[in-house]
Structure formats: C-alpha cells, structure tokens
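*Asks:* Protein chains in written order, with the numbering used here: chain R, 1 to 42; chain B, 43 to 149.
Since the hints were derived computationally from the structure, they do not count as laboratory data.
It is possible that some hints are incorrect.
Using 25 Å as the maximum straight-line C-alpha spacing, the simulated DSS-like pairs for lysine-lysine come out as follows [as the list claims (entries may be wrong)]:
hint	chain 1	residue 1	chain 2	residue 2
1	R	Lys-27	B	Lys-117
2	R	Lys-27	B	Lys-140
3	R	Lys-4	B	Lys-140
4	B	Lys-52	R	Lys-4
5	B	Lys-61	R	Lys-4
6	R	Lys-27	B	Lys-52
7	R	Lys-7	B	Lys-61
8	B	Lys-111	R	Lys-7
9	B	Lys-111	B	Lys-61
10	R	Lys-6	B	Lys-57
11	B	Lys-61	B	Lys-117
12	R	Lys-4	B	Lys-117
13	B	Lys-61	R	Lys-27
14	B	Lys-117	R	Lys-6
15	R	Lys-27	B	Lys-111
16	B	Lys-141	R	Lys-6
17	R	Lys-7	B	Lys-141
18	B	Lys-52	R	Lys-7
19	R	Lys-4	B	Lys-141
20	R	Lys-6	B	Lys-140
21	B	Lys-140	B	Lys-52
22	B	Lys-111	R	Lys-6
23	R	Lys-6	B	Lys-61
24	B	Lys-57	R	Lys-27
25	R	Lys-7	B	Lys-57
Using C-beta positions, here's what the derived DEER-type ranges look like [unchecked claim]:
hint	chain 1	residue 1	chain 2	residue 2	range
26	R	Gly-5	B	Ala-90	30 to 40 Å
27	R	Glu-2	B	Ala-90	13 to 23 Å
28	B	Gln-148	R	Lys-4	27 to 37 Å
29	R	Lys-4	B	Ala-90	31 to 41 Å
30	B	Glu-109	R	Leu-33	15 to 25 Å
Away from chain R, derived, C-beta distances all over 10 Å, residues of chain B [to be verified]:
hint	residue
31	Asp-44
32	Gly-68
33	Ala-84
34	Gly-99
All C-beta atoms in this analysis are idealised placements derived from N, C-alpha and C, irrespective of residue type, glycine included.
Next come the chains, spelled out residue by residue.
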Amino acid sequence: MELKGKKVIALGDRDGVPGPAIEECLKSAGAELAFVTTECFV
Amino acid sequence: MDLENQARIKELGEKYGPKELVVILGSSDPDSAELAAETVTAGDPTYAGPLAGVPLGLPVYHILEAEIKEQIDPKVYEEQVAMMEMVLDVEALTAAVKKMREEHSQL
Chain R
1 MELKGKKVIA
11 LGDRDGVPGP
21 AIEECLKSAG
31 AELAFVTTEC
41 FV
Chain B
43 MDLENQARIK
53 ELGEKYGPKE
63 LVVILGSSDP
73 DSAELAAETV
83 TAGDPTYAGP
93 LAGVPLGLPV
103 YHILEAEIKE
113 QIDPKVYEEQ
123 VAMMEMVLDV
133 EALTAAVKKM
143 REEHSQL
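Build the full structure now, drawing on both the sequences and the hints.
*Replies:* Next comes the structure, spelled out in structure tokens:
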C-alpha cells in the first residue's frame, strides 16, 4: 500500500504515538492528512 | 473510540472510500489497536458510536508496521517515533492490526 497521494486519518494515542508525530511522518511519505487526533484510553 | 472522532471518520470514509483513504494508528497496546482497527473497518463493535453497523472497510495500519515505516523519511521517523518503537510491542501491534485489516478492509 503506497501512502503517496493518499488521504490519511491519523488516530494517535497519548500513551503510544501521538497524532502530530504520525502527521509529521506521513507528510514526509507524501500523504495528505485529512484528520489528525490523539485519543486517551485511560 | 471517542464518539466525535467516529463521526468525523464516518463522514470522511463515506466521502472518499477505501481506495483514497487510509487510517494510521498510533495505539500503545494491541487491544486498543485491534478495537480501533475493527471500528474503522467492520464498524464499532461496542455499538456506542456513529460507526455502529457501518462497515467502512478502510485500509488500516499501525505507524510502526514495516510497510509504513519504510515509506517515511528516516530522519523524521527517528525524531518522531523511534523512541516509542523501542518501548512498544511492535510485533503484537502489527499482528493485531493486520488481523483486522485482512478480515475487514476492502483493499
């Protein structure tokens, strides 16, 4: 699955990888972020 | 999963569909990864939110999966994710998300 050119939903986790960190990574892969959030499962 | 987030995902999933839209998770444990992956593919298994009974079938991956990692600029990955990669169970997270993807994603 190629990320380049895809729209992406980043569902981060406060205790794992947060949304903004996923966003930075995916932008570097050429994806377009459609929605970024960070959930808290506590 | 947060109900407001489910509503936003439902809207985007119905607008773009599984060919254009991908979900990337940053979950810290395999159970929450599996639950999130199931919610965006088969629908909300807790029947609490807007995605209850809505099988969007979106492709879903964890940010730590090799297939995703190899597409990210190594410098950015190192800055943003490498530390969490050392403390999280990458194998279990990959297996949990892959299972849901293979069962329920349309692509």
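*Asks:* Take the hints in turn and mark each one as holding or not.
*Replies:* Now the hints, each set against the structure:
1. R/Lys-27 <-> B/Lys-117: 13 Å, holds
2. R/Lys-27 <-> B/Lys-140: Since the Cα atoms of R/Lys-27 and B/Lys-140 sit roughly 23 Å apart, the hinted pair holds (cutoff 25 Å).
3. R/Lys-4 <-> B/Lys-140: Since the Cα atoms of R/Lys-4 and B/Lys-140 sit roughly 20 Å apart, the hinted pair holds (cutoff 25 Å).
4. B/Lys-52 <-> R/Lys-4: 22 Å, holds
5. B/Lys-61 <-> R/Lys-4: This hinted pair holds, its Cα atoms lying about 13 Å apart.
6. R/Lys-27 <-> B/Lys-52: 22 Å, holds
7. R/Lys-7 <-> B/Lys-61: 9 Å, holds
8. B/Lys-111 <-> R/Lys-7: Holds: B/Lys-111 and R/Lys-7 sit about 17 Å apart, inside 25 Å.
9. B/Lys-111 <-> B/Lys-61: 20 Å, holds
10. R/Lys-6 <-> B/Lys-57: Roughly 14 Å separates the two Cα atoms, so the pair holds.
11. B/Lys-61 <-> B/Lys-117: 29 Å, violated
12. R/Lys-4 <-> B/Lys-117: 18 Å, holds
13. B/Lys-61 <-> R/Lys-27: Holds, at about 19 Å.
14. B/Lys-117 <-> R/Lys-6: 21 Å, holds
15. R/Lys-27 <-> B/Lys-111: Measuring from Cα to Cα gives roughly 12 Å; hence the hint holds.
16. B/Lys-141 <-> R/Lys-6: Between B/Lys-141 and R/Lys-6 the Cα gap is close to 22 Å, so the pair holds against 25 Å.
17. R/Lys-7 <-> B/Lys-141: 22 Å, holds
18. B/Lys-52 <-> R/Lys-7: Holds. B/Lys-52 to R/Lys-7 sits at ~14 Å (cutoff 25 Å).
19. R/Lys-4 <-> B/Lys-141: 24 Å, holds
20. R/Lys-6 <-> B/Lys-140: 19 Å, holds
21. B/Lys-140 <-> B/Lys-52: 21 Å, holds
22. B/Lys-111 <-> R/Lys-6: With a Cα-Cα distance of about 16 Å, the restraint between B/Lys-111 and R/Lys-6 holds, given a limit of 25 Å.
23. R/Lys-6 <-> B/Lys-61: 8 Å, holds
24. B/Lys-57 <-> R/Lys-27: It holds: about 21 Å lies between the C-alpha atoms, which stays within 25 Å.
25. R/Lys-7 <-> B/Lys-57: Holds - the C-alpha atoms of B/Lys-57 and R/Lys-7 are around 11 Å apart, at most 25 Å.
26. R/Gly-5 <-> B/Ala-90: 30 to 40 Å: The hint (30 to 40 Å, Cβ to Cβ) holds, given that R/Gly-5 and B/Ala-90 are roughly 34 Å apart.
27. R/Glu-2 <-> B/Ala-90: 13 to 23 Å: 34 Å, violated
28. B/Gln-148 <-> R/Lys-4: 27 to 37 Å: Violated, at about 20 Å.
29. R/Lys-4 <-> B/Ala-90: 31 to 41 Å: Holds, at about 35 Å.
30. B/Glu-109 <-> R/Leu-33: 15 to 25 Å: 19 Å, holds
31. Asp-44: 6 Å, violated
32. Gly-68: Contrary to the label, B/Gly-68 does not stay out of reach of chain R, its closest Cβ about 3 Å off (not over 10 Å).
33. Ala-84: 16 Å, holds
34. Gly-99: 14 Å, holds
Of the numbered hints given earlier, the model fails hints 11, 27, 28, 31, 32; all others are met.
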